[in-house]
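Asker: Line order of the protein sequences matches chains P and Y.
Numbered continuously in the UniProt record's numbering, the first sequence closes out at residue 315.
Numbered continuously in the UniProt record's numbering, the second sequence closes out at residue 315.
Just so you know, not all the hints are guaranteed correct.
Here chain P is said to cover these stretches of chain Y; the calculated rule only asks that three of the stretch's residues, wherever they fall, bring their Cβ under 8 Å from a Cβ of chain P [said to hold, decoys possible]:
hint	segment
1	214-226
2	298-309
Pulled from the structure, derived: some chain P residues nowhere near chain Y, Cβ distances all over 10 Å [stated by the list, open to error]:
hint	residue
3	Thr153
4	Gln171
5	Gly173
6	Glu180
7	Glu232
Computed cross-link-like contacts, PhoX-like style, restricted to lysine-lysine with a CA-CA straight-line distance of at most 25 Å [unchecked claim]:
hint	chain 1	residue 1	chain 2	residue 2
8	Y	Lys287	P	Lys225
9	Y	Lys286	P	Lys225
10	Y	Lys222	Y	Lys287
11	Y	Lys286	P	Lys286
12	P	Lys286	Y	Lys225
13	P	Lys222	Y	Lys225
14	Y	Lys222	P	Lys286
15	Y	Lys287	P	Lys222
16	P	Lys160	P	Lys115
17	Y	Lys233	Y	Lys287
18	P	Lys222	Y	Lys286
19	P	Lys225	Y	Lys222
20	Y	Lys286	Y	Lys233
21	Y	Lys225	P	Lys225
22	P	Lys286	P	Lys222
23	P	Lys2	P	Lys115
24	Y	Lys115	Y	Lys160
25	P	Lys34	P	Lys56
26	P	Lys267	P	Lys34
27	Y	Lys222	P	Lys287
28	Y	Lys222	P	Lys222
29	P	Lys222	P	Lys287
30	P	Lys286	P	Lys233
31	P	Lys267	Y	Lys267
32	P	Lys56	P	Lys175
33	Y	Lys2	Y	Lys115
34	P	Lys233	P	Lys115
35	Y	Lys286	Y	Lys225
36	P	Lys222	P	Lys233
37	Y	Lys2	Y	Lys56
38	P	Lys287	P	Lys225
39	P	Lys225	P	Lys286
40	Y	Lys56	Y	Lys175
If you're looking for bench data, these hints aren't it; they were derived computationally from the structure.
This structure is a prediction, so every number in the text was calculated from the model and none was measured.
Where a beta carbon is used, it is the ideal one built from N, C-alpha and C, also for glycine.
Protein chains: 2
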Amino acid sequence: MKVLVAGAGGMGSRFALKLAQAGNEVVLAETWSKRLQSLQTDGLQADLDGQEVQLKLPAYAPEAVPRETDYDLVLFLTKSMQLADLVRILLPAFGPHTYALCLMNGIGHEQTLTKYLPRERVLLGNTMWTAQMTRPDHVHLADDGSCELGSLTDDPDQVKMAVTTVNVFSQAGLKAHLLEDPRYSVFRKGCVNGTLNTLCTLLECNVAEFGQTPLAHELVVKVVKEFAMVGEKEGLHLDVAEAVSHVEDCYSVIGEHYPSMYQDLVKNNRPTEVDYINGYVATHAKKYGLAAPLCELLTGEVHVKEQLQNAKNDV
Amino acid sequence: MKVLVAGAGGMGSRFALKLAQAGNEVVLAETWSKRLQSLQTDGLQADLDGQEVQLKLPAYAPEAVPRETDYDLVLFLTKSMQLADLVRILLPAFGPHTYALCLMNGIGHEQTLTKYLPRERVLLGNTMWTAQMTRPDHVHLADDGSCELGSLTDDPDQVKMAVTTVNVFSQAGLKAHLLEDPRYSVFRKGCVNGTLNTLCTLLECNVAEFGQTPLAHELVVKVVKEFAMVGEKEGLHLDVAEAVSHVEDCYSVIGEHYPSMYQDLVKNNRPTEVDYINGYVATHAKKYGLAAPLCELLTGEVHVKEQLQNAKNDV
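Construct the complete structure from the given sequences, taking the supplied hints into account.
Answerer: In structure tokens, the structure reads:
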């Protein structure tokens, strides 16, 4: 499979490395100039499951990606706020048989992708792999993980491509699973981020530490209820109890993990994706004439924390 | 005036020192054994407005306070969670002409005091002085401040005592002002704590830093609205715009200040008074069949932060 990985940060690097090691043709598109320079000069360097690896892959700024149109897949693993621009800039790389796959954190990316691409060309999913960018020239990839994806429509070619992608990814060790309703799954993952990612960032702790506090359960339930309320309006019926237990499974599965927004803001002083997580729920609740005060407050708190730290996107 | 200062922490020390320096008879009651020991051995030591002072005052554990009944005033400046016990233990110090004055942070102390004492014996107010306990044997008292107090009823003796107290305090340099409706004032001060104290504690910043963030105003308004909603049910009409501007005045007046809960939790790893601030609004909203989701979430977040730090009250 020929894959253009759009966004070669921590997560993009894991997928690129595993896919390339399994014999797929991988090309990288990266916005951050410091990172891009390192990729072009020294290749992709990572501590991959305990082993130092270095792999040279073609890497380009998005504007400079060669206008080949034989990519099978453009895999988006960038920061949420960069997605719209990146999709638009990479449109020339979409040939007649190219699919987009978005495995990014956050809700609402489906709307962004289908603004530029036909619904029949978009695969959606999410990943429970973790990744950490330690330096512009190094990523740290530990912990077990998995990913799941599916097609946005019943179009047979698209469904077939979803199955093929699952197989290719699994053969590469990425533990992929096919989703019947990827929108549902993305929303359910949104609950994980809207609780653990946000609260660990505000409270500066890891997932297990948060989970050990006696009040964690009550907070998780309250926030998930707001997600469910908005999901209902978007045709997604979220089982609150199930979604809560999905969140709470993370305490043991990825307990030592400091979630992505923690890494962005607390470690790297960069803006977070909270607008695509709790912020999505807050603004869409408002759109439907509802109130999601907790998501609204959490979004506000994260933004104040960003403002306090003068978070700057040095991309 | 003969004053028993119940709680010789940072704030109690300021009042005790200033009152004693102005010639009043001051006795200290202190629960924390480490602190008490230092008071008994070395006296009250402080950096008071830039000058090192040391003053020996009689200091006792609450149970050991001599059963004299000629105190004019028992001034409560302890932590909220200790108030009920302390009032009960100090009842033997209340003679026929002794008044209680509570200037503590937090809402609901009036109910605690009037459970043990007649309403006609209780003065209530609050203070904008700041204080910081640097070590068990040292307090740091900088910044300008003021305090305000009034009587809970129209009883002429009580009103007279409120006026006398204001005069004595002002003569001691404590800049006291008479309040017509102290309950209102306490609630209004509650808004300052429920926004700045809580958010600076969660976001680990000082008052000015929080005030400089573009989102501060919006967050303050939302939280103050919940206070106003509960106040209304308790016969206190809070002017939201006025209360908000009262909060925002603090950005310049006490900008460099790290509020009390920040000091308790972040600096000293002790539990906070949030249950008497946002927690009061959250539980009382519920009692009146209303919802105060922001105060509820903020209270929960502070408690999770306490639990994360294993905050232990080493009193």
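Asker: Between the alpha carbons of Lys2/P and Lys115/P, is the straight-line distance 25 Å or under?
Answerer: Between Lys2/P and Lys115/P the Cα gap is close to 24 Å, so the pair holds against 25 Å.
Asker: Taking only the CA atoms, is the gap from Lys2/Y to Lys115/Y under or equal to 25 Å?
Answerer: OK: Lys2/Y and Lys115/Y at ~24 Å, within 25 Å.
Asker: For the pair we were handed, Lys233/Y and Lys287/Y, check the Cα-Cα distance against 25 Å.
Answerer: Measuring from Cα to Cα gives roughly 10 Å; hence the hint holds.
Asker: Under the criterion that the straight-line Cα-Cα distance not exceed 25 Å, is the pair Lys267/P, Lys34/P satisfied?
Answerer: holds (18 Å)
Asker: Quick check for students: does the CB of Gln171/P sit more than 10 Å from each CB in chain Y?
Answerer: It holds; Gln171/P is separated from chain Y by about 41 Å at its closest Cβ, greater than 10 Å.
Asker: At a Cβ distance under 8 Å, does chain P reach at least three residues of the segment 298-309 of chain Y?
Answerer: holds (count 8)
Asker: At a Cβ distance under 8 Å, does chain P reach at least three residues of the segment 214-226 of chain Y?
Answerer: Three-residue rule met by the segment 214-226 of chain Y, so holds; n is 6.
Asker: Starting from Lys225/Y, check that the Cα of Lys225/P is at most 25 Å away, please.
Answerer: The given pair, whose Cα atoms are some 23 Å apart, holds under the 25 Å limit.
Asker: Between Lys287/Y and Lys222/P, does the CA-CA distance stay at or below 25 Å?
Answerer: Status holds; Cα separation ~19 Å.
Asker: For Lys287/P and Lys225/P, compute the direct alpha-carbon distance and say whether it is at most 25 Å.
Answerer: Within the cut-off at roughly 17 Å; holds.
Asker: When you check the alpha-carbon spacing of Lys222/Y and Lys287/Y, does it fall within 25 Å?
Answerer: holds (20 Å)
Asker: Check whether the Cα positions of Lys115/Y and Lys160/Y lie no farther apart than 25 Å.
Answerer: holds (23 Å)
Hint compliance for this structure: no hint is broken.
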